[in-house]
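J.: Residue numbers (our numbering), protein chains in the order written: chain A, 141 to 324; chain B, 757 to 979.
Bear in mind the hints are in silico, worked out from the structure with no lab data behind them. There could be a bad hint or two in this list.
DSSO-like, lysine-lysine: derived pairs with alpha carbons at most 30 Å apart [to be verified]: (1) B:K834 to B:K930; (2) B:K907 to A:K201; (3) A:K314 to A:K220; (4) A:K200 to B:K834; (5) A:K220 to A:K311; (6) A:K273 to A:K200; (7) A:K319 to A:K289; (8) A:K273 to A:K201; (9) A:K200 to A:K311; (10) A:K314 to A:K289; (11) A:K200 to A:K246; (12) B:K834 to A:K237; (13) A:K273 to A:K311; (14) B:K907 to A:K234; (15) B:K834 to A:K234.
Residues of chain B clear of chain A, computed beta-carbon distances all greater than 10 Å [as the list claims (entries may be wrong)]: (16) V761; (17) I774; (18) M820; (19) N831; (20) L916; (21) P927.
The beta-carbon is built from N, C-alpha and C at its ideal position, and this holds for glycine as well.
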Amino acid sequence: MNEKPKQPQTSETFGETAKTKDEISRRQFLTYTLMGTGGFMASMLIIPPLRATLDSVLQKKQEEPMVAVADVSEITDEPKRFTFTLTIDDAWVKNQKTTFTAWVFKSENGDIMALSPICTHLGCTVDWNSNPKYPEEFFCPCHGGRYSKDGVNIPGTPPSSPLAVYAYEVKDGKLYLGKLISRS
Amino acid sequence: MIQKVYDWLDERLDLSPIWRDIADHEVPEHVNPAHHFSAFVYCFGGLTFFTVVIQILSGMFLAMFYAPDIVNAFNSVKYLQTEVSFGYIVRGMHHWGASVVIVMLFLHTLRVFFTGAYKAPREMNWVVGVLLFAVILGLGFTGYLLPWDNKAYFATKVGLQIAEVVPVLGPYVKHFLAGGDIVGAETITRFFAIHVFFLPAILLLLLGVHFILIRRQGIAGPL
Ligand code: HEM
Ligand code: FES
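Only chain A is shown next, with the shape it has when bound in the complex:
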C-alpha cells in the first residue's frame, strides 16, 4: 500500500485523507464496507444453527396431566412406593412410556403427601427406611443425604432443601398426581 499523501487533496482526485472530522477516508469506508459485508455473511452462517441449538432452552414445557396412581384405601401413614406411567415425547422418540415414582402416605393431620424420590442434592433416588442406621427416614445412597418422613432434609447432610411434592387430587376414591412442586 502507498503511504498517505501529506498534502490535502481536492475533490477531483481520490480523497485518501478525511478533510474534516465528519468525513471518512476512502480506506476507512472500504474497511467498514468489507467488515459489514463479512459480518453480515458470517452472521447468516452462524445465527440459524445457534437459534436451532437454543430451541430446547426456549421451548415451553409440556403440561403434565393428572394421572390416577392409587386407591385412597391403599394409603396408610407409612410411606409406600407407587409408580405411574406417563407417555412422553422426547424429541424424535415419540410416545415413550416413562415410569415415575411417588412415596405416598397420610400425614398426621390426615392430609395425603406424595413425595418425589429425587434427591435435592444432585438428583439420585432416595429410598424409605433403607439404611438400618437411619430408620424411619428417606436415605440417599449417593452421598448419604437424609430426609425425615415428611421429606424435610436433615441438617448436616448434603441436601439443602426438602423433597419435592406432587400436586394431588382425590376423586372417586382414587389419588391423582400432577406436576411436581419444589419446596425450599
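Following the hints, put chain B with the ligands in place on chain A, whose structure we already have.
T.: Only chain B with the ligands this time, still in chain A's reference frame:
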C-alpha cells in the same frame, strides 16, 4: 478495543509476520476482477473453500440433532426439519451446500484446466486437487444415505452396485462399504463415521497441502 487487544498480543507474540505470511500478498493483475472482469473465474477456488466451511459448520450442528441408526435416523432428521425452529435452515444449508460444493469444485477445476495452471511446476497440486475431488464426492455419497429415506436407501444401493461391477475387487469393496450383506444398520453407522470423521479429516489435510503448495508456487501466470 479490538485494536488494543491485538496490539497487546502482537507485542508479546509478534503476530503480524504470521498473518502477513498467510494473507498479505500481491494479487496479480490477471487474476483481479477489478482489472479484467473475466478474472472472476479465479474466484472459484476460494468459493469452493467457502462452501466447504459452510458444510463443516452446518454439519457440526446437524450432528447435534442426528442419530445414526436405522430406527431413529429418519425421525431425528424429520424432527429437526419440522419441529426445531430454524432447523430446516440448518439442514437446508447442508443439503443445498452439498451440491454447491461440487459445482464450485467443478468450475474451479475447469478454470485450472483451461488456463493450463496444472503445468510444471504445479503438477503436484493438480494431483492433490483430484484427491480433493474424490474426497468431496465421497462426502456427498456417504452423506446422502444419512437421512435414511427412500431416496437415500436406493441411491446407496445403486452406488454400491456400481462399486460391485469393478473387476475382481468389486464384491469385496461393496461388502466392505456396506459393512455386511445388506444396506442396513451397519451401513448407516459406517457411512456416518466416514462422513463426519474420516473424510473431513482427510479433506482438511489435503486442503492444507493444497494451500501450502499455492503459497510456495504462486498463482500461474496469465494466458
Ligand atoms: C464438503 C463436505 C460435505 C459434503 C459434500 C456433505 C454432504 C452431505 C449430504 C449430501 C448429506 C445428505 C443431506 C440431505 O440429503 O439432506 C449430508 C448429511 C449429513 N452430513 Fe454432510 N457433507 C459434508 C461435510 C460434513 C461434515 C464436516 C459433517 C460433520 C462434522 C457432516 C455431517 C452430516 C450429518 C450429521 C448429516 C445427516 C443429516 C441430514 O441428512 O440432514 N457433513 N452431508
Ligand atoms: S445426590 Fe443424594 S446425597 Fe448427593
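J.: All hints are to be evaluated individually against the structure, with a verdict given for each.
T.: Hints and how they fare:
The hinted pair formed by K834 of chain B and K930 of chain B meets the criterion: a straight-line CA distance of about 29 Å does not exceed 30 Å. A hinted pair counts as satisfied when its Cα atoms are at most 30 Å apart, and K907 of chain B with K201 of chain A does not qualify at roughly 35 Å. A threshold of 30 Å between alpha carbons decides the hint, and for K314 of chain A with K220 of chain A the separation of about 15 Å falls inside it, so the pair holds. For the suggested pair K200 of chain A and K834 of chain B, the alpha carbons sit about 20 Å apart, so the restraint of at most 30 Å is met.
With a C-alpha separation of about 20 Å, the suggested pair K220 of chain A and K311 of chain A falls inside the 30 Å cut-off, and the hint holds. Between K273 of chain A and K200 of chain A, the direct Cα distance comes to roughly 43 Å. Violation of the 30 Å bound is thereby established for this hinted pair. With a C-alpha separation of about 21 Å, the suggested pair K319 of chain A and K289 of chain A falls inside the 30 Å cut-off, and the hint holds. About 40 Å separates the Cα atoms of K273 of chain A and K201 of chain A, which puts this hinted pair outside 30 Å; it is violated.
Proposed proximity of K200 of chain A and K311 of chain A is supported: the alpha carbons are some 29 Å apart, at most 30 Å. Of the pairs offered as hints, the one joining K314 of chain A and K289 of chain A holds, with about 23 Å between alpha carbons and a cut-off of 30 Å not exceeded. Proximity of K200 of chain A to K246 of chain A is assessed by CA-CA distance (about 34 Å); at most 30 Å being required, the pair is judged violated. Restraint check for K834 of chain B and K237 of chain A: satisfied, since their Cα atoms lie roughly 21 Å apart, inside the 30 Å limit.
Between the alpha carbons of K273 of chain A and K311 of chain A the distance comes to roughly 38 Å, so the proposed pair goes past 30 Å and is violated. Distance restraint check for K907 of chain B and K234 of chain A: the Cα-Cα separation of roughly 24 Å lies within the 30 Å cut-off, and the hinted pair is therefore satisfied. Taken as a hint, the K834 of chain B and K234 of chain A pair is honoured in the structure, with Cα atoms around 12 Å apart against an allowance of 30 Å. The Cβ of V761 of chain B sits about 16 Å from the closest Cβ of chain A, beyond the 10 Å cut-off, so the non-interface label holds.
At roughly 19 Å, the least C-beta separation between I774 of chain B and chain A is larger than 10 Å, which holds for a residue marked as non-interface. The non-interface label for M820 of chain B is inconsistent with chain A: the shortest C-beta to C-beta separation is roughly 6 Å, within 10 Å. With 10 Å as the threshold on Cβ separation, the claim that N831 of chain B sits away from chain A is violated: the shortest Cβ distance comes to roughly 4 Å. Non-interface status of L916 of chain B relative to chain A is upheld: no Cβ of that chain comes within 10 Å, the nearest being about 27 Å off.
Under the 10 Å C-beta cut-off, the non-interface status given to P927 of chain B relative to chain A holds; the minimum distance is some 36 Å.
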